[in-house]
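Trainee: Going line by line, the protein sequences match chains W and E.
Note that our numbering has the first sequence beginning at 1, numbered continuously upward.
Note that our numbering has the second sequence beginning at 1001, numbered continuously upward.
In short, the hints are calculated from the structure, not lab data.
Don't take every hint at face value.
Chain W is faced by these chain E residues, among others (derived, beta-carbon under 7 Å) [said to hold, decoys possible]:
1. Trp1080
2. Ile1084
3. Leu1180
If you want the footprint, here are the derived chain E segments under chain W, 3+ residues with CB under 8 Å [as the list claims (entries may be wrong)]:
4. 1032-1038
5. 1142-1148
Even for Gly, the Cβ is constructed at its ideal location relative to N, Cα and C.
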Amino acid sequence: MTVPSPFDQERDAVLGEALRQALDAGDASAFVARVVTRAGAVHWDVLASWARPGIAAALVAATAAGFLVGRMVSRPPSLEDALVPADAVVLESPGPPDAGVVFASLER
Amino acid sequence: MSRPADGAAPADDAALAARAARGDREAFGRLVQRWAPQARRVARAVLRDTDDADDAAQDAFLSALVDLDRYDPARPFGPWLMRIVANAATDRRRRRAVRRAEPLTSSLPGGSRPDATAERRVLGEHLRAALAELPERQRLAVALFDVEGYSHADIAGILGIPEGTVRSDVFNARRRLRVLLEDWREPT
């Protein structure tokens, strides 16, 4: 082995090989299978975490849309809506209005 | 530059990483297969217990899977992954109660050398014990340099320290480990 120096650029093949053997954990197939199996669950976890905000946003949008549609459908009649038919009834009536009904409040 | 066990080109890693990021489980499996031996060794340089090291390596692969969109395919995959492995192993070691390694002197053979068949196994045990005596950063530095073949610059990036510190760590770790190896091979 060479004299060690902090300026060594070369790898120490003897030390490297000895360490490699010391650190090697052997056959990796069981490890690989375990990681890949866990990865399936992690992927779903990640997709679920991405989906959660999307689902929340969709619910908010659906609620807002439902509220607006509901308001449009059950909109109360406006003043014009209420007055125009009454005028039309009076003006379009073939006979004169009943004076008894018109002056009923003044007779009290 | 260090390559995985099957000598795959960096472009292959980038392509597999891109596929894995899109949810291709088979591509992820091939990446794990390629890099598992190296990841397990690096984790074991930090954690002496094999099961702990494998758990840390697994955590690292799963973290890498989640963060694959952050991997720059223009750069080599190995240093990026080894940084995650080193962090996972270091985090695990810190979280767990530190199992103090036996002092190296107490684990050295008491005079008679083992036979040839057992020699390698015992040398491995001694080297792991010697590694455990080193500061964690030195362990990682020497494993990444002499075992995995990364450059000083790569290791500086992996460990997040200056290149000069890497050189110093490798030098100090080697000096100590070399003494052990010399003693082992040339007993007096």
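Trainee: The structure should be examined with respect to each hint, and the outcome stated for every one.
Mentor: Structure-based check of all given hints:
1. Restraint check, Trp1080(E) versus chain W: the minimum CB separation of about 17 Å is more than 7 Å; hint violated.
2. For the restraint placing Ile1084(E) at the interface with chain W, the shortest Cβ-Cβ distance is roughly 13 Å, beyond the 7 Å limit, so the hint is violated.
3. Below 7 Å, beta-carbon pairs count as interface contacts, and Leu1180(E) has none with chain W, the closest being about 9 Å; its hint is therefore violated.
4. Three residues within the 8 Å Cβ limit are the bar, and the stretch 1032-1038 of chain E against chain W gives 4, so the coverage statement holds.
5. Coverage of the stretch 1142-1148 of chain E by chain W holds in this model, with 5 residues showing a Cβ closer than 8 Å to a Cβ of that chain against a need of three.
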